[in-house]
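Chains A and B, in that order, are what the protein sequence lines are. Just so we're aligned, residue -5 is where the first sequence starts under our numbering, counting upward by one. Just so we're aligned, residue -5 is where the second sequence starts under our numbering, counting upward by one.
Hints are computed from structural coordinates only; laboratory data are not their basis. Please note that the accuracy of each hint is not assured.
For chains that are exact copies, the list does not tell them apart, and a pair is met inside one copy or across any two.
[What the hints assert, rightly or not] Below are the SDA-like pairs computed for lysine to any residue, each with C-alpha atoms no more than 25 Å apart in a straight line:
| no. | residue 1 | residue 2 |
| --- | --- | --- |
| 1 | K145 | Q300 |
| 2 | K145 | A40 |
| 3 | K92 | Q138 |
| 4 | K313 | V169 |
| 5 | K92 | D129 |
| 6 | K152 | Q15 |
| 7 | K92 | G291 |
| 8 | K92 | E153 |
| 9 | K92 | P131 |
| 10 | K145 | Q170 |
| 11 | K313 | A57 |
| 12 | K145 | Q265 |
| 13 | K92 | A316 |
| 14 | K92 | E50 |
| 15 | K92 | T114 |
| 16 | K92 | A310 |
| 17 | K313 | D75 |
| 18 | K145 | D268 |
| 19 | K313 | R54 |
| 20 | K92 | E47 |
| 21 | K145 | N32 |
| 22 | K92 | S146 |
| 23 | K145 | F161 |
| 24 | K313 | L166 |
| 25 | K313 | P131 |
| 26 | K145 | G91 |
This one's a predicted model, so the numbers in the text were calculated from it and none came from an experiment.
2 protein chains.
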Amino acid sequence: MKKLIAITSLILMSMTVNATQTVAIAIHGGAGTIERGNLTETQEHAVRAALSESVEAGHRILAAGGSSMDAVVAAVKVLEDAPQFNAGRGAVLTHEGKVELDASIMDGASLAAGAVASVTGIRHPIEAARAVMTDSPHVMLVSQGADAFAKSVGLEFKEPEWFITDFRARQLESVQASSHASVQLSEDWFSTVGAVALDASGNLAAATSTGGMTNKRWGRVGDSPIIGAGTYADNASCAVSATGHGEFFIRHVVAYDICARMRYAGMSLNQSADTVINDVLVDAGGDGGVIAIDAHGNISMPFNTQGMYRASIDGAGDKTVAIYGDD
Amino acid sequence: MKKLIAITSLILMSMTVNATQTVAIAIHGGAGTIERGNLTETQEHAVRAALSESVEAGHRILAAGGSSMDAVVAAVKVLEDAPQFNAGRGAVLTHEGKVELDASIMDGASLAAGAVASVTGIRHPIEAARAVMTDSPHVMLVSQGADAFAKSVGLEFKEPEWFITDFRARQLESVQASSHASVQLSEDWFSTVGAVALDASGNLAAATSTGGMTNKRWGRVGDSPIIGAGTYADNASCAVSATGHGEFFIRHVVAYDICARMRYAGMSLNQSADTVINDVLVDAGGDGGVIAIDAHGNISMPFNTQGMYRASIDGAGDKTVAIYGDD
């Protein structure tokens, strides 16, 4: 009986602790050149609805005491399935008219991480990244090998055609018809998706998923599956998911640099994220943005482009869904 | 005539400036469990000769006023060709008995970078990494796409068999016969190769090339082709090439972290490299080492394993070639 009381009070105590802990989440659906009027009212409504559904899917898990890892996976899966975003179904097409998907995930408590690059057919690449982390001794798997691994752990596959939307097919045609087609630098919209979260146990997590660049060739891999560039999470500093011109984000190790400036230079989350996006990357000519969250539940979502699809639910439970710079 | 004198004095001045500038280079051929007696005298002689040839190939370029980028490529190519090292010819074999090679390079002056992962058939993967940097708008290309790109820029290819040595074939058989074969964590030798250099113009460069892990599966990619993890160079801090258990080097963004601690925490090169290798990685259980050089020509080569194949020629022209911890 004594034992039962002890256990019961332990459970109650831990519930109380959890109840007073901050949980928070932020998500993005890409950054780039976006002006009011580019989207029809119907399109904008669909985009905002998907962003809202994604951030709520993640937050529900956090509010129920679930882990930040589960929350970021749930949030990203919603955006991978939504055809409006460049990840999973609706991803951009390669030079050969296929989808080749990249994703990565990181656990801020253990620094465990997983990533896949150039995979084809996996419905939810973010689940493949997580499986690499939990079910293999590796961090990064690429191409057919990564597909084979995902099959071996029983992940859901879809036919190549399932991923391709009419919009992306027309987009590829238009890019290939333009004079910039071979340079592949004309893209002004980087609609990677991602999520960062803080759970009731104080653990941070980050996840990113993308189809990369329209008309990409030669097995090009951007920053999204690169731990340190597109994704990083460390309870000692922050969790970051990036979206932008991936080459610049790799060269500047953007996600980890935001963490490093907090740890070593004593910057706040906001200072650090803002410096990297609006000073370092602007000076280098690298377009994009990040979502970032620290262990206190502070959220920062800077971008140096006209807009970034984004949403958040902060520690007070306040939700924002935004697209434009002045949104 | 006045113009000629002006030009001549300009040339003489610049030669004087160059002559007083420090040039320095360090190279590695991997770190791991290595005790005196593991190598026969003949083997050890061959290894030391290759290390010496590599560091001198790079240094000759620097001494003649060449760039650090040219120097690290030249040094790495020597080790890619040497069958003793796990890069290029003589690389370890995958689960399927093939070689899949990774390489990356970074220019500390511009932060330009290039990388290839899981390529097959390119004689010098470091040249493919450099071509990605100079001849494509991208930083990282993987698998068949990267092979196709390398072909398109005219790089030298060899038949698959050319890369495979008897030693590696026996090594794969032995690993696959052991009980640890499926876990792939039994490897205690990480013989990636790499080089870092400072040239007379004050520019740093870093390069890394590897065959990855023996018996690797599923398109596993380690830290070597990951900018930030296995390779980083920034004139504002240092140039780093890493060798070790790649998964740990990715999670801890080792190469960039050494640069970040110098820039943001005011550490010296030695302090920073030593902290990351002997504190951070030892605590995490990650075996390996790095070679690092700063803009003053200071060289640091810490490792937390029994040995690391390494060599350097410092600013005074003094050469070291070493294998063991007390070497």
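These are the hints, each one checked on the structure:
no.: 1; hint: K145 - Q300; result: neither (40 Å within a copy, 39 Å between copies)
no.: 2; hint: K145 - A40; result: neither (32 Å within a copy, 44 Å between copies)
no.: 3; hint: K92 - Q138; result: both (14 Å within a copy, 15 Å between copies)
no.: 4; hint: K313 - V169; result: neither (36 Å within a copy, 53 Å between copies)
no.: 5; hint: K92 - D129; result: between (28 Å within a copy, 24 Å between copies)
no.: 6; hint: K152 - Q15; result: neither (39 Å within a copy, 59 Å between copies)
no.: 7; hint: K92 - G291; result: neither (39 Å within a copy, 47 Å between copies)
no.: 8; hint: K92 - E153; result: within (11 Å within a copy, 29 Å between copies)
no.: 9; hint: K92 - P131; result: between (29 Å within a copy, 20 Å between copies)
no.: 10; hint: K145 - Q170; result: between (33 Å within a copy, 22 Å between copies)
no.: 11; hint: K313 - A57; result: within (14 Å within a copy, 61 Å between copies)
no.: 12; hint: K145 - Q265; result: neither (42 Å within a copy, 45 Å between copies)
no.: 13; hint: K92 - A316; result: neither (30 Å within a copy, 49 Å between copies)
no.: 14; hint: K92 - E50; result: neither (31 Å within a copy, 46 Å between copies)
no.: 15; hint: K92 - T114; result: both (8 Å within a copy, 23 Å between copies)
no.: 16; hint: K92 - A310; result: neither (43 Å within a copy, 55 Å between copies)
no.: 17; hint: K313 - D75; result: within (22 Å within a copy, 58 Å between copies)
no.: 18; hint: K145 - D268; result: neither (40 Å within a copy, 41 Å between copies)
no.: 19; hint: K313 - R54; result: within (13 Å within a copy, 61 Å between copies)
no.: 20; hint: K92 - E47; result: neither (28 Å within a copy, 45 Å between copies)
no.: 21; hint: K145 - N32; result: neither (39 Å within a copy, 41 Å between copies)
no.: 22; hint: K92 - S146; result: both (23 Å within a copy, 21 Å between copies)
no.: 23; hint: K145 - F161; result: neither (29 Å within a copy, 33 Å between copies)
no.: 24; hint: K313 - L166; result: neither (35 Å within a copy, 55 Å between copies)
no.: 25; hint: K313 - P131; result: neither (38 Å within a copy, 38 Å between copies)
no.: 26; hint: K145 - G91; result: both (23 Å within a copy, 21 Å between copies)
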